[in-house]
Amino acid sequence: MKDKKQRRGNDRRNQRKNDRSKDRRKETETVETEENNFVFGHHASVEALQAGRGNKLFMQEDARGDKIEQLKALAKEQAVPVKWVPKQKLDTLSDGGVHQGIVLGITPYEYLTLEDLLAKNTSEAAPFLLILDSLEDPHNFGSILRTADASGVSGVIIPKHRSVGITPVVTKASTGAVEYVPIARVTNLAQSIKQLKDAGYWIFGTDMEGTDYRQWKVEGPIALIIGNEGKGVSAGLKKEVDEMLTIPMTGHVQSLNAGVAAGLLMQLLIVDGYNMIGAWPELTALKNQERLEEAREALLFRLSNYAKYQGLETIVVFDAQFVPGITQSYQKYQLTVVFTKEDETADSYIERIAGELNDRLTQLSGFQSKILFLKGQIYMYFLGIDIGKRTHVASIMNEEGK
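Just so we're aligned, residue 497 is where the sequence shown starts under my numbering, counting upward by one.
Take these hints with a grain of salt, some might be off.
[To be verified] Straight-line alpha carbon distances no greater than 25 angstroms define the calculated BS3-like cross-link-like pairs of lysine-lysine that follow:
hint: 1; residue 1: K616; residue 2: K563
hint: 2; residue 1: K579; residue 2: K563
hint: 3; residue 1: K583; residue 2: K616
hint: 4; residue 1: K616; residue 2: K568
hint: 5; residue 1: K727; residue 2: K690
The hints are simulated quantities; they were obtained by calculation from the structure and are not laboratory data.
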């Protein structure tokens, strides 16, 4: 009897332990679900409301302005309740993100299956898919979705494990593109690639040691693999591709970062450095005091934060006449810093680079333009002598908390 009672006692203790373990798992799942069921910031909230995914809109109690009125009207139109809360509440809901006084509770994101994605693209003559191999940075994912939306990409495929998914940070970085780009999440990328091949897709990867992309001219469905930020395309997936492609770059543009090396040409920001300093009174003061080195350093730091947030490839150009003896360009804060030759101004340098890029655009075939993502999606911002544009960038940076 004693043994039976002891066993029953042990069974009850084990059951309580299992129950507590289940409760902890449930709590963890709930927290993760709640965190991923919020988007924040103006653009992401507008797009989610327009897509019909809004559940409850939280706005900072002292918030005012046109953007707030727009969101109130959208919420009313969609029958989404609005709650005015202190900033601290929004900080908590957004997990410390830059929320601009706006957080929206949304329905969970519904990923497609690969079968669903293929079915959606049956009407397209040459669908173009992106496969993201274990991408880790949510800002990169958001930028890719934004680029994919602008480029007319048919869909994106991501792995279920060891990869960033749709999170509030991704949604904000995509500026709402997550609502328009179909995304399939799969258990096994290698198996999915075989399925794509069976469906008639060409499979290409991107690698610095690959074949020159200009040697390939194919028609029909295409899937392009973008590798992990640090490791590139995994060895297992390289075995499945039809070809690994590289994109040879020439001139100063060759120094652009790994995003271009991986085959994804993002938005390009070209800045006349000394003129851009004029957007901030404190930097102008340093320049007027002949503390140019300090002013340059402060500008680069601010531009790097802005460029990272906006997903922009950024070149900062300085006139050589202001820095005699400095002719070596370099990378800093993930920016490309260029000092012109002594007989060239920043304006003429920017015009020359713009001409090179435009010439490259006109020479591309349809396949090549897809591989380079140049389908209506290279946006070049020339912030030279236009103080209005410089101030506009500065105001956006301040608004985003940068």
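Now the hints, each set against the structure:
no. : hint           : verdict
1   : K616 with K563 : violated (34 angstroms)
2   : K579 with K563 : holds (16 angstroms)
3   : K583 with K616 : violated (41 angstroms)
4   : K616 with K568 : violated (33 angstroms)
5   : K727 with K690 : holds (22 angstroms)
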